[in-house]
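Student: Go by the hints and put chain A onto chain G.
Chains G and A supply the protein sequences, listed in that same order. As numbered in the numbering used here, residues 1 to 505 make up the first sequence, in order. As numbered in the numbering used here, residues 1 to 359 make up the second sequence, in order.
Just so you know, not all the hints are guaranteed correct.
Within a straight-line C-alpha distance of at most 20 Å, the following computed SDA-like cross-link-like pairs (lysine to any residue) qualify [said to hold, decoys possible]: (1) A:K235 - G:N371; (2) G:K130 - G:K190; (3) G:K405 - A:S288; (4) A:K235 - G:I313; (5) A:K235 - A:L135; (6) A:K9 - G:P398; (7) G:K349 - A:R225; (8) G:K70 - G:S163; (9) G:K375 - A:T211; (10) A:K210 - G:Q495; (11) A:K210 - G:Q382; (12) G:K405 - A:L286; (13) A:K210 - G:Y383; (14) G:K192 - G:A30; (15) G:K281 - G:E318; (16) G:K447 - G:G490; (17) G:K192 - G:Q210; (18) G:K52 - G:F18; (19) G:K405 - A:T211; (20) A:K145 - A:Y228; (21) G:K222 - G:S64; (22) G:K119 - G:G107; (23) G:K381 - A:K145; (24) G:K405 - G:G394; (25) A:K9 - G:L299.
For the record, the hints were derived by calculation from the structure and aren't laboratory data.
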Amino acid sequence: MTNANDFILTMNSISKTFPGVNALENVDFALRRGEIHALIGENGAGKSTLIKVLTGVEKPDSGSIELDGKPVQVRSPQHSQEIGISTVYQEINLCTNISVAENIMLGYESHRFGAIDWKKMNAFAVQALKRLDIDIDVTQSLGNYSIAIQQMVAIARALEVSSAKILILDEPTSSLDVNEANRLFDLMQKLKGEGLGIIFITHFLDQVYQVSDRITVLRNGKLVGTYGTASLPRVELIAKMLGRSLTDLDKVSKAKSTSEQKGDKERLLEAKGLARAGSLKPFDIELHENEVVGIAGLLGSGRTEMANLLFGIDTPDEGTLTLNGRLINHFSPLGSLENGIALCPEDRKAEGIVGDLTIRENIILALQARNGWFKFLSIQKQYEIADKYILLLGISTPSPDQLVKNLSGGNQQKVILARWLATNPQVLILDEPTRGIDVGAKAEIQKLVIDLAKEGKSCVFISSELEEVLRTSHRIIVLRDRKKAAEYPGDVDDQTIIQTMAGDL
Amino acid sequence: MKNNAPLLKRIRENRIFWPLVALTLILITDAIFAPGFFKIGIVDGHLFGNLIDVFNNSAPLMLVAIGMTMVIATGGVDLSVGAVIAISAAMGAVLINPALGTKLISNDILTKDATNTPLWLIVLADLGAGTLCGLWNGLLVSRGKIQPMVATLILMVAGRGIAQLITNGQIMTIYYTPYFYFGNGFILGLPVSIYIVAVVFLFAWILVRKTSIGMFIEAVGGNARATYYSGISEKNIKLFAYVFCGFCAAIAGLILSSYVHSADGNNNGLNYELDAILAVVIGGTLMSGGRFSLLASVIGALVIWTFTITMYTFGVPANALLAGRAVLVLVVILLYSDYARRFLNRLVDRKGSQHGTTN
Numbered sequence: 001m002t003n004a005n006d007f008i009l010t011m012n013s014i015s016k017t018f019p020g021v022n023a024l025e026n027v028d029f030a031l032r033r034g035e036i037h038a039l040i041g042e043n044g045a046g047k048s049t050l051i052k053v054l055t056g057v058e059k060p061d062s063g064s065i066e067l068d069g070k071p072v073q074v075r076s077p078q079h080s081q082e083i084g085i086s087t088v089y090q091e092i093n094l095c096t097n098i099s100v101a102e103n104i105m106l107g108y109e110s111h112r113f114g115a116i117d118w119k120k121m122n123a124f125a126v127q128a129l130k131r132l133d134i135d136i137d138v139t140q141s142l143g144n145y146s147i148a149i150q151q152m153v154a155i156a157r158a159l160e161v162s163s164a165k166i167l168i169l170d171e172p173t174s175s176l177d178v179n180e181a182n183r184l185f186d187l188m189q190k191l192k193g194e195g196l197g198i199i200f201i202t203h204f205l206d207q208v209y210q211v212s213d214r215i216t217v218l219r220n221g222k223l224v225g226t227y228g229t230a231s232l233p234r235v236e237l238i239a240k241m242l243g244r245s246l247t248d249l250d251k252v253s254k255a256k257s258t259s260e261q262k263g264d265k266e267r268l269l270e271a272k273g274l275a276r277a278g279s280l281k282p283f284d285i286e287l288h289e290n291e292v293v294g295i296a297g298l299l300g301s302g303r304t305e306m307a308n309l310l311f312g313i314d315t316p317d318e319g320t321l322t323l324n325g326r327l328i329n330h331f332s333p334l335g336s337l338e339n340g341i342a343l344c345p346e347d348r349k350a351e352g353i354v355g356d357l358t359i360r361e362n363i364i365l366a367l368q369a370r371n372g373w374f375k376f377l378s379i380q381k382q383y384e385i386a387d388k389y390i391l392l393l394g395i396s397t398p399s400p401d402q403l404v405k406n407l408s409g410g411n412q413q414k415v416i417l418a419r420w421l422a423t424n425p426q427v428l429i430l431d432e433p434t435r436g437i438d439v440g441a442k443a444e445i446q447k448l449v450i451d452l453a454k455e456g457k458s459c460v461f462i463s464s465e466l467e468e469v470l471r472t473s474h475r476i477i478v479l480r481d482r483k484k485a486a487e488y489p490g491d492v493d494d495q496t497i498i499q500t501m502a503g504d505l
Numbered sequence: 001m002k003n004n005a006p007l008l009k010r011i012r013e014n015r016i017f018w019p020l021v022a023l024t025l026i027l028i029t030d031a032i033f034a035p036g037f038f039k040i041g042i043v044d045g046h047l048f049g050n051l052i053d054v055f056n057n058s059a060p061l062m063l064v065a066i067g068m069t070m071v072i073a074t075g076g077v078d079l080s081v082g083a084v085i086a087i088s089a090a091m092g093a094v095l096i097n098p099a100l101g102t103k104l105i106s107n108d109i110l111t112k113d114a115t116n117t118p119l120w121l122i123v124l125a126d127l128g129a130g131t132l133c134g135l136w137n138g139l140l141v142s143r144g145k146i147q148p149m150v151a152t153l154i155l156m157v158a159g160r161g162i163a164q165l166i167t168n169g170q171i172m173t174i175y176y177t178p179y180f181y182f183g184n185g186f187i188l189g190l191p192v193s194i195y196i197v198a199v200v201f202l203f204a205w206i207l208v209r210k211t212s213i214g215m216f217i218e219a220v221g222g223n224a225r226a227t228y229y230s231g232i233s234e235k236n237i238k239l240f241a242y243v244f245c246g247f248c249a250a251i252a253g254l255i256l257s258s259y260v261h262s263a264d265g266n267n268n269g270l271n272y273e274l275d276a277i278l279a280v281v282i283g284g285t286l287m288s289g290g291r292f293s294l295l296a297s298v299i300g301a302l303v304i305w306t307f308t309i310t311m312y313t314f315g316v317p318a319n320a321l322l323a324g325r326a327v328l329v330l331v332v333i334l335l336y337s338d339y340a341r342r343f344l345n346r347l348v349d350r351k352g353s354q355h356g357t358t359n
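One chain only, chain A, in its complex shape:
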């Protein structure tokens, strides 16, 4: 009964088709113009190369994109993820050594393994802080009935302030080696961050596809009123999405602060909210909510970072990078417009049918 559409059409209608096309196009460009891009070497027993960089760099964005996908699918948006990253990072830094913020301590008394707090507690506090931020957003949106963009704007602005309060207004350098493991460590030659993404992705996927939460999210995004009439608490569904998004942003904050060895309230996770929204859009989830694909959003994040690393490889200066990204955004938006879709579909269908007659 089902799946009776032609194979080509089915592939094209798959949600991850277009993000994969975008990724492939960028990789093909690399293959032609920068053959070194794909070279993977081994340094100190770890894999090393542009592709590994792409994965390692995009890990925080992938995590945020996973959370953002759920929020956007409910018809909302979370602008505060960047600020939540900063809060999570600040939380980690301050717990590693609470004295750092208040007193000027010379480097020599800081030993590499010194900490006032056990690592598990640091991680827990990081994640807890982010989840709490998500809870705040979720309550404002679902119970306070504030428009998502406005509700999360509050924390977007206030969050960086909170992060600075936590670190007492200073950029805190982290000296604790075990903490670096999340952003710089390797397991079996691959960066630890990739494993973290894999675990979170799997967890999220099970949560939305093996329980009814995913369907409820899509129903709320599609028609919140009808969903309510069907006996589903749209409020709790929205709350869940924001809490999970905060949780994902917190993990991203953990990895980012670990990667750069510092917590900076102003710059940790800067513009991540916009990149995450872009990743979700590239993944084909509509901003108005409804159908979503976590995998497509993750590929969307990969597209953004592959593009960025590619620009670096081509020697595009850092200050021209944003302009380059703007081109990417423009192309994506145009490709995803109804008009372009119809045009491409017509093109492919005609070719397909010609193919059919010749066979």
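Pulled out of the complex, with its shape left as it was, chain G reads as follows:
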């Protein structure tokens, strides 16, 4: 067994709450000296919040951090570097227009007679890169080198200027090809040999198994567990990421079963070989009325890309999309709106709500867009519609004149749902409608989706939580690597889906 001295870093029961969301709930995390520790979880699992707490960007509400056995309070990102915690972010935080040496030494330049001592600086930079087995001309501007080299320069800077004990790599491989990634992994192994603790965040599970020693899984802001990589099969890892405590088949499932078996279902929307380069490989999908089609797949499997293609945010390169047997030629949100297709987008803040407008205005926005500039809904009518949906969806607010930005995540989601329901769509695509909202509101929205299908609508339910996809859907499509991997009936067991996602089936 390991003794306490092995740990370079321990984080004990860290909690952090943002308005309406428990971002982290009593999460423990421990990093050993000389290990590569993968931090895994879907969007909203709490990975980035945990890292933000560790690097001083966010202050935890409770919990303690020990570095080298001594308690520390990380005050700011600057402070975290000073105490030896360095981070290399997904988007490289370097300047491509200045030289490699300047990038490494920025803010720590060597001076001589008040002027920058270029010779010394360049020599130092060469030294820093040599430690990583990189031999390049440090006087060239950084932009002349590949992303992989830039990534390593970022690491060199992180190691050299702050003499890091802990290195955090946040999705470092997302823009690297296989060879470049392998080179990075060699480097990570070397640094590990030097006794560095490395926290590796990625959503590429292959890479987790390739380099990491241990894995910590987070889900919904809670710690699922920390495991030795060798002792955790991939299928089990995915199951842990997605969560599948199907012990309690609640009223949502009951609602679903009563809405099933309605006999012949009218085909509404049909995609054949629909594809867009760099976004989604050709896929077929048929949507019927009275039906919820669940889309399951890991992050980056093409879930959102599919929703964007169906709704006309993106224009497909090939394939056809037909609605009620009629070919759709023109792809735009307005066109989809007129065709009775609606999309509740994945990113609620950036693509959904208009925070500075009131609930009423947010709700009538799409309806008014369909009516055009000059057929203005009277204020009376607007209040009527708003009041109706506030009541129907149970949006908790003192008034329809409340600004949407003041609502909780769940209520904001309901407002967006209301916006689209007000247009009475035939096909309703919901991309992660329950992300970042509390459990009660989640169940409400799931139930609502099933009720809408019961009324004859066709719903597409996209979620990274397998449990809720299983609970709400009559049919489940599994995406993997930006294409459709398989399609299952709604009563499929979770094990099959997880194996399909992992590529074992």
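Tutor: Leaving out everything else, chain A in the frame of chain G:
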């Protein structure tokens, strides 16, 4: 259900509250230190006095501020309005007598009512030129995806050049009497420009509040991406705002050139873009876009000109005027900062609650 906030708070949260406070403060200062400020006499059957001057002088700025409000509400800005004013003025002058620019004509052959172009065509050409400028800006921003400040900077610089090309590089004096009506005429004792502002304001208000355009503008300014996802063409909304802004600037150019009897590519509407932005800011519309109030911006323009005329009344020399204005800007910016707002709100709320307990 709605309007359940206390009356005092509701008044304070009204968009025109702060601009009105600023205006009132300036007027109170006038009342104390320059009692003559409010005197209104009748000369030649027209009302006459500082207050009338304020209205007459601020009319072009009010018009530009109306257009600018819409542009700023979409999250943009239009730096070219001053140049558009110059283009519109030049257009008018050159159409009244195309020969003016090319040949030196002695004054005696110019009769007061001589023109080569009917008045309606002159007005139409003025407005058309400005609207076209707005269209250009709008296309650059909405279709060309150029940052508004950069896109409109092009016309801000080029526009004065265009105006000079139109007038052949000369300052053109206008001798045509009917044209003077827009800037100097009176109807029922009040300047014609006030009526023009009223008509344009009403038109703009109906356009934004009685159609869905106003809400779409606010939505685009608040979150353009979400607005696009909701099926609204944010491009067309932005295009509309710039076109309307150009149209407003053109009317301002018409009034200004009529008021000063000349078209000068270098000086017509100089610094109007900055004054218009200031008027909109005083009106409480955020530079980042979103919620807006046309009336508040119009009051903002009034604040600027009341302040200016007040400075004149106090005998502040013209060359110190800009420094005085800087003080106004500083005070406004400080008053509108979050910190000052919170402080004032706390102050008023505490007083309000003390009031409540004593009652």
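Student: For each hint, tell me whether it holds in the structure or not.
Tutor: Each hint tested on the structure:
As the CA atoms of K235 of chain A and N371 of chain G are separated by approximately 17 Å, the hinted pair is consistent with the 20 Å bound. Restraint check for K130 of chain G and K190 of chain G: the C-alpha separation of about 12 Å stays at or below 20 Å, so the hint holds. Taking the CA atoms of K405 of chain G and S288 of chain A, the gap is about 16 Å. The hint holds against a cut of 20 Å. At roughly 15 Å between alpha-carbon atoms, K235 of chain A and I313 of chain G fall within 20 Å of each other, so this suggested pair holds.
Note on K235 of chain A and L135 of chain A: the hinted pairing holds, with a Cα-Cα distance of about 12 Å set against a maximum of 20 Å. For a cut-off of 20 Å, the pair hint linking K9 of chain A to P398 of chain G stands: about 17 Å separates their Cα positions. A threshold of 20 Å between alpha carbons decides the hint, and for K349 of chain G with R225 of chain A the separation of about 10 Å falls inside it, so the pair holds. As the CA atoms of K70 of chain G and S163 of chain G are separated by approximately 18 Å, the hinted pair is consistent with the 20 Å bound.
With a C-alpha separation of about 7 Å, the suggested pairing of K375 of chain G with T211 of chain A holds against the 20 Å cut-off. As the CA atoms of K210 of chain A and Q495 of chain G are separated by approximately 57 Å, the hinted pair breaks the 20 Å bound. For the given pair, K210 of chain A sits about 13 Å from Q382 of chain G by alpha-carbon distance, which is consistent with the 20 Å threshold. A threshold of 20 Å between alpha carbons decides the hint, and for K405 of chain G with L286 of chain A the separation of about 17 Å falls inside it, so the pair holds.
A distance of roughly 16 Å separates the Cα atoms of K210 of chain A and Y383 of chain G; the hinted pair therefore holds under the 20 Å criterion. Taking the CA atoms of K192 of chain G and A30 of chain G, the gap is about 16 Å. The hint holds against a cut of 20 Å. For the hint pairing K281 of chain G with E318 of chain G, the CA-to-CA distance comes to about 10 Å; that is within 20 Å, so the pair holds. Restraint check for K447 of chain G and G490 of chain G: the C-alpha separation of about 16 Å stays at or below 20 Å, so the hint holds.
Between K192 of chain G and Q210 of chain G the CA atoms are separated by roughly 14 Å; this keeps the pair inside 20 Å, and the hint holds. Proposed proximity of K52 of chain G and F18 of chain G is supported: the alpha carbons are some 13 Å apart, at most 20 Å. Between K405 of chain G and T211 of chain A the alpha-carbon distance is near 25 Å, which puts this suggested pair outside the 20 Å criterion. For the given pair, K145 of chain A sits about 15 Å from Y228 of chain A by alpha-carbon distance, which is consistent with the 20 Å threshold.
Proximity of K222 of chain G to S64 of chain G is assessed by CA-CA distance (about 16 Å); at most 20 Å being required, the pair is judged to hold. Only pairs whose Cα atoms come within 20 Å are accepted, and K119 of chain G paired with G107 of chain G is accepted, the gap being roughly 16 Å. Between the alpha carbons of K381 of chain G and K145 of chain A the distance comes to roughly 36 Å, so the proposed pair goes past 20 Å and is violated. Between K405 of chain G and G394 of chain G the CA atoms are separated by roughly 17 Å; this keeps the pair inside 20 Å, and the hint holds.
Of the pairs offered as hints, the one joining K9 of chain A and L299 of chain G is violated, with about 47 Å between alpha carbons and a cut-off of 20 Å exceeded.
Violated hints for the displayed structure, listed by number in ascending order: 10, 19, 23, 25.
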